[in-house]
Amino acid sequence: AQKITQTQPGMFVQEKEAVTLDCTYDTSDQSYGLFWYKQPSSGEMIFLIYQGSYDEQNATEGRYSLNFQKARKSANLVISASQLGDSAMYFCAMREGSYTSGTYKYIFGTGTRLKVLA
Amino acid sequence: DTAVSQTPKYLVTQMGNDKSIKCEQNLGHDTMYWYKQDSKKFLKIMFSYNNKELIINETVPNRFSPKSPDKAHLNLHINSLELGDSAVYFCASSPEPAIGEGTGELFFGEGSRLTVL
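These protein sequence lines map, in sequence, to chains D and W. This note's numbering numbers the first residue of the first sequence as 1 and each following residue consecutively. This note's numbering numbers the first residue of the second sequence as 1001 and each following residue consecutively.
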């Protein structure tokens, strides 16, 4: 079973509009972390935003915000005021497991390719 | 100064050859990883090391052998390369999670694109 599910293989958004990229996760851990990464066509992985499982407020970083709905196990990324440079692959990831027991790992979804239109 | 650096960035080789990819991080992190990104962009964890000790081996063929001479380095050696090994290999590192502080995100290298002909 997929631990991280991104159901949108591709999305289009008009420049200056907002877009939501969906992510649902599956874990039985009480403590976990959720991350979004951006991968432009140049290939590097860029960390965007983090949400801890115990954080009560949704995380925000500039134009990025994470819509965290714990009961629904969803962690959607919202990009406001889209720019042409936002065109890229976006990956949702979850960190689960125990650091002290050595089961700590980061699992990635299949990604969503976002294209921003001028 | 690059936080996580991998060499080489590109590798083109024939089936059956052996090749290595090196990775170094200067962030002082205890945990390092190798991920494989296939042609469909799927990122799959291969190995993780914590302070030179193998922690996770995600059912990777034993043609792949990671080696960590110290906690700042994690190298990947691949024997008898096959066509299906063609991919981008990412090295990454992460800090020990600190409750209430920081995010503990993965720091990635730039990736090494391996092409097996």
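Derived from the structure by calculation, the hints contain no laboratory data. Treat the hints with care, as some may be off.
Straight-line Cα separation of at most 25 Å, DSS-like style, residue types lysine-lysine; simulated pairs [as the list claims (entries may be wrong)]: (1) Lys3(D) <-> Lys1040(W); (2) Lys1036(W) <-> Lys1067(W); (3) Lys105(D) <-> Lys73(D); (4) Lys3(D) <-> Lys70(D); (5) Lys1022(W) <-> Lys115(D); (6) Lys1009(W) <-> Lys1071(W); (7) Lys105(D) <-> Lys1067(W); (8) Lys1040(W) <-> Lys1019(W); (9) Lys73(D) <-> Lys1041(W); (10) Lys1041(W) <-> Lys115(D); (11) Lys1067(W) <-> Lys1009(W); (12) Lys1052(W) <-> Lys1036(W); (13) Lys73(D) <-> Lys1019(W); (14) Lys3(D) <-> Lys1036(W); (15) Lys1009(W) <-> Lys1019(W); (16) Lys1052(W) <-> Lys1071(W); (17) Lys1071(W) <-> Lys1036(W); (18) Lys1036(W) <-> Lys105(D); (19) Lys3(D) <-> Lys105(D); (20) Lys1052(W) <-> Lys70(D); (21) Lys1052(W) <-> Lys1022(W); (22) Lys1036(W) <-> Lys70(D); (23) Lys1071(W) <-> Lys1041(W); (24) Lys73(D) <-> Lys1071(W); (25) Lys1009(W) <-> Lys1044(W); (26) Lys1009(W) <-> Lys1041(W); (27) Lys1019(W) <-> Lys115(D); (28) Lys70(D) <-> Lys1009(W); (29) Lys1067(W) <-> Lys1052(W); (30) Lys1044(W) <-> Lys3(D); (31) Lys1067(W) <-> Lys1019(W); (32) Lys1052(W) <-> Lys1041(W); (33) Lys1040(W) <-> Lys1071(W); (34) Lys3(D) <-> Lys1067(W); (35) Lys70(D) <-> Lys1019(W).
Lys1009(W) and Lys1071(W): Cα distance at most 25 Å? Holds, because 21 Å separates the two Cα atoms, which is no more than 25 Å.
Proposed proximity, Lys1071(W) with Lys73(D) (alpha carbon, max 25 Å): Cα-Cα ~34 Å, so violated.
For Lys1052(W) and Lys1022(W), compute the direct alpha-carbon distance and say whether it is at most 25 Å. 14 Å, holds
Can you confirm whether the C-alpha distance between Lys1067(W) and Lys1009(W) stays at or below 25 Å? Cα-Cα ~19 Å, so holds.
Lys1009(W) and Lys1044(W) were given as a pair; does the straight-line alpha-carbon distance stay at or below 25 Å? OK: Lys1009(W) and Lys1044(W) at ~19 Å, within 25 Å.
Need the status of pair Lys1040(W), Lys1019(W): alpha-carbon distance at most 25 Å? Satisfied, since the Cα-Cα distance of roughly 23 Å is no more than 25 Å.
Pair hint Lys3(D) and Lys1040(W), alpha-carbon separation not exceeding 25 Å: 18 Å, holds
Sort out whether Lys1036(W) lies within 25 Å of Lys1071(W), counting only the CA atoms. Given that 25 Å is the threshold and the Cα spacing comes to 21 Å, the pair holds.
Regarding the pair Lys1009(W) and Lys1019(W), is the alpha-carbon distance no greater than 25 Å? Distance ~13 Å between Lys1009(W) and Lys1019(W) Cα, so the pair holds.
What's the verdict on Lys105(D) and Lys73(D), does the C-alpha distance respect the 25 Å limit or exceed it? It holds: about 18 Å lies between the C-alpha atoms, which stays within 25 Å.
Pair hint outcome, Lys70(D) versus Lys1019(W) [Cα-Cα no greater than 25 Å]: Distance of about 44 Å is beyond 25 Å: violated.
Would you mind confirming whether the straight-line C-alpha gap from Lys1009(W) to Lys1041(W) stays at or under 25 Å? Measuring from Cα to Cα gives roughly 17 Å; hence the hint holds.
The structure shown violates the earlier hints numbered 5, 13, 20, 22, 23, 24, 27, 28, 32, 33, 34, 35.
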